[in-house]
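Q: Single-letter residue listing:
Number of protein chains: 2
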Amino acid sequence: MILVNGKPEDTLSLGDRAIHYGDGLFETIAVEHGLPLAWDDHMQRLQKSCLQLGIDCPDPASLLLETVEIAGDRELLVVKIIISRGSGGRGYTPAEKGTTGRIVLAYDWPDYPKEFAQVGIEAAISSIRLGHNPLLAGLKHLNRLEQVLLSRELAAKDKPETLVMDIDNQVIEGSKSNLFLVSNQKVMTPALDQAGVEGVIRNALLKIADELLMERQIGRFSLDDVFNADEVFFCNSIAGLWPVRRIENTEFALGPVSLKLQQVLQEKKLIT
Amino acid sequence: MILVNGKPEDTLSLGDRAIHYGDGLFETIAVEHGLPLAWDDHMQRLQKSCLQLGIDCPDPASLLLETVEIAGDRELLVVKIIISRGSGGRGYTPAEKGTTGRIVLAYDWPDYPKEFAQVGIEAAISSIRLGHNPLLAGLKHLNRLEQVLLSRELAAKDKPETLVMDIDNQVIEGSKSNLFLVSNQKVMTPALDQAGVEGVIRNALLKIADELLMERQIGRFSLDDVFNADEVFFCNSIAGLWPVRRIENTEFALGPVSLKLQQVLQEKKLIT
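In the order they appear, the protein sequences are chains A and W.
Its first residue numbered 222, the first sequence is counted upward by one per residue in the numbering used here.
Its first residue numbered 222, the second sequence is counted upward by one per residue in the numbering used here.
Hints are supplied without guarantee of correctness; some may be wrong.
Each pair may be met inside one copy or between any two copies, as identical chains are not told apart.
[What the hints assert, rightly or not] Straight-line C-alpha distance at most 30 Å; calculated DSSO-like pairs for lysine-lysine:
| hint | residue 1 | residue 2 |
| --- | --- | --- |
| 1 | K318 | K428 |
| 2 | K318 | K301 |
| 3 | K481 | K318 |
| 4 | K361 | K490 |
| 5 | K378 | K269 |
| 6 | K361 | K301 |
| 7 | K361 | K378 |
| 8 | K318 | K378 |
| 9 | K269 | K361 |
| 10 | K481 | K228 |
| 11 | K335 | K318 |
| 12 | K318 | K361 |
| 13 | K380 | K318 |
| 14 | K481 | K380 |
| 15 | K428 | K489 |
| 16 | K361 | K335 |
Treat the hints as calculated values from the structure; they're not laboratory data.
Could you build all of it, start to finish, from the sequences and the hints given here?
A: Okay, structure coming up:
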């Protein structure tokens with residue numbers, strides 16, 4: 222089932238600006254027994270991003286009701302919320318008065334092997350470089366052609382995630398997740414002011430590091446920094462936290478910091 | 222009327238990747254008395270762009286039939302063709318077998334005053350900077366949030382077009398058109414290897430300059446280069462060629478090169 226502005230629909234008006242320009246945002250949320258995980262974090266990001274794009278943000282209460290309705294009594298599923306600026310305007314120019322659209326979609330929980338989170342993954346390295354776009358960097362907007370091309374490349378490699386760099390060869394993230402490095406107990410993640418998506422779990426982990434009085438750093442990191450890290454992991458709202466055990470010929474420990482952070486995320490009910 | 226894969230529709234399946242990721246391309250075509258202008262140029266760009274994104278390009282013959290059908294006997298209109306990678310796949314990862322969708326939409330001819338082409342316009346300067354994305358630069362893809370934000374800014378200024386720079390402060394294009402400078406009879410236009418859309422009329426003008434044995438250059442230009450040019454103009458498939466008469470306090474001549482190029486575009490039936 223899909224809800225468009227609260228009503229069951231299978232289709233979207235062809236005037237919608239999501240189709241024409243990717244003029245909108247989205248959130249991908251794990252819903253467990255009717256409870257959307259990290260809901261407040263998702264809504265805070267959505268409201269902040271809408272403000273940045275000049276889109277009238279829908280009332281989170283409506284989105285919550287629609288998310289719960291679409292989840293029904295399923296044990297575990299993925300709910301995707303797409304916010305579109307709606308229809309109208311003239312060409313690229315949006316209408317003065319917004320007609321924000323809400324699309325709430327339900328997806329089966331992905332069948333990632335449990336080992337990915339428990340013993341870690343082997344990651345690929347993408348040959349594709351993310352562009353620099355300070356205007357849109359960090360936002361989970363609907364302009365996702367880069368991720369489509371990255372994921373298309375990854376699909377040929379039979380690995381669950383890939384390390385993605387930007388045009389300056391700084392590591393940024395995975396194809397669908399954020400990246401963390403741990404060295405000497407310090408928790409590090411790439412700055413996303415030029416490229417990348419500021420994931421809800423990434424931001425939660427930075428707060429958790431503070432709460433645990435761990436040293437942490439948002440910075441610029443090279444592939445060498447990754448290879449020299451003690452621990453490496455990817456994270457997102459659905460996969461949770463995937464330790465990286467191997468990238469090319471470099472092996473990483475299934476380290477205590479990754480496992481501790483994963484445990485706290487679960488205890489805080491931010492991931493399953 | 223809108224045709225989706227040849228059939229009249231008002232809506233698009235909510236599984237379509239154009240909605241979720243902007244996973245597609247588009248062409249905006251002037252159609253005069255049933256004749257799509259610069260048709261071969263549009264189709265060549267579309268085929269090249271599809272190849273670059275790994276999208277199966279629809280048969281241009283089908284697109285031509287659909288364009289002519291939707292144009293009917295209208296004297297002059299805009300036909301927009303959206304090509305989507307279609308539905309399917311898993312998250313960002315496209316399906317192995319493409320299900321390319323064709324969306325053909327008819328729009329009223331915009332009511333630009335004739336003076337824009339005949340005596341020129343006053344252009345704004347955008348405060349928004351285009352990102353750098355060598356992977357996608359030049360393509361007329363569906364990831365157009367930058368243009369939405371540019372156009373939103375321009376709408377508040379009561380000017381028909383705006384000069385847009387990239388994050389290195391190089392001038393790139395307008396919000397909906399390409400930019401040319403003319404100095405000492407030399408025709409110049411910004412390189413679009415980092416940002417911008419390679420317009421059909423831009424590329425036609427470069428060929429025309431060759432045919433007319435005019436010196437021409439694709440290069441990197443600053444705002445100062447614009448202010449120091451003898452002539453400045455914007456161009457696209459619908460507006461045609463708009464000479465720029467003024468930017469802030471700098472006035473430009475309605476110059477002979479701009480008018481000559483405009484005339485050749487009309488004689489070749491590339492613009493109305």
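Q: Decide, hint by hint, whether the structure agrees.
A: Hints, one by one, checked against the model:
Taking identical chains as interchangeable, the C-alpha atoms of K318 and K428 are never at most 30 Å apart, the minima being 37 Å within one chain and 42 Å between chains. Proximity of K318 and K301 under a CA criterion of 30 Å is satisfied in both settings, with 25 Å inside one chain copy and 24 Å between copies. Neither within a single protomer nor between protomers do K481 and K318 lie at most 30 Å apart by alpha-carbon distance, with minima of 47 Å and 41 Å respectively. In this assembly of identical chains, K361 and K490 lie within 30 Å of each other by CA distance solely inside one copy; the values are 22 Å within and 42 Å between copies.
In the homo-oligomer, the alpha carbons of K378 and K269 lie at most 30 Å apart only across protomers (26 Å), although the nearest pairing inside one protomer, at 36 Å, exceeds that limit. Proximity of K361 and K301 under a CA criterion of 30 Å is satisfied in both settings, with 12 Å inside one chain copy and 27 Å between copies. With identical chains, the CA atoms of K361 and K378 are at most 30 Å apart both within one copy (25 Å) and between copies (29 Å). In this homomeric assembly, K318 and K378 come within 30 Å of each other (Cα to Cα) only across copies, at 17 Å, whereas the closest approach inside a single copy is 46 Å.
Both within a single protomer and between protomers do K269 and K361 lie at most 30 Å apart by alpha-carbon distance, with minima of 11 Å and 28 Å respectively. Taking CA atoms no more than 30 Å apart as the test, K481 paired with K228 passes in neither setting, with 42 Å inside one copy and 56 Å between copies. Taking the closest pair of Cα atoms, K335 and K318 come within 30 Å of each other only across two copies (29 Å); inside a single copy the shortest separation is 47 Å, beyond that limit. In this assembly of identical chains, the alpha carbons of K318 and K361 lie at most 30 Å apart whether taken from the same copy (23 Å) or from different copies (27 Å).
Proximity of K380 to K318 under the C-alpha cut-off of 30 Å is restricted to the inter-copy arrangement: shortest distance 20 Å between copies versus 45 Å within a copy. Taking CA atoms no more than 30 Å apart as the test, K481 paired with K380 passes inside one copy only; the shortest distance there is 25 Å, against 57 Å between copies. Proximity of K428 and K489 under a CA criterion of 30 Å is satisfied intra-copy only: 12 Å inside one chain copy versus 62 Å between copies. In this homomeric assembly, K361 and K335 come within 30 Å of each other (Cα to Cα) only inside a single copy, at 26 Å, whereas the closest approach across copies is 41 Å.
This entry does not satisfy hints 1, 3 and 10, going by the numbered hints stated previously.
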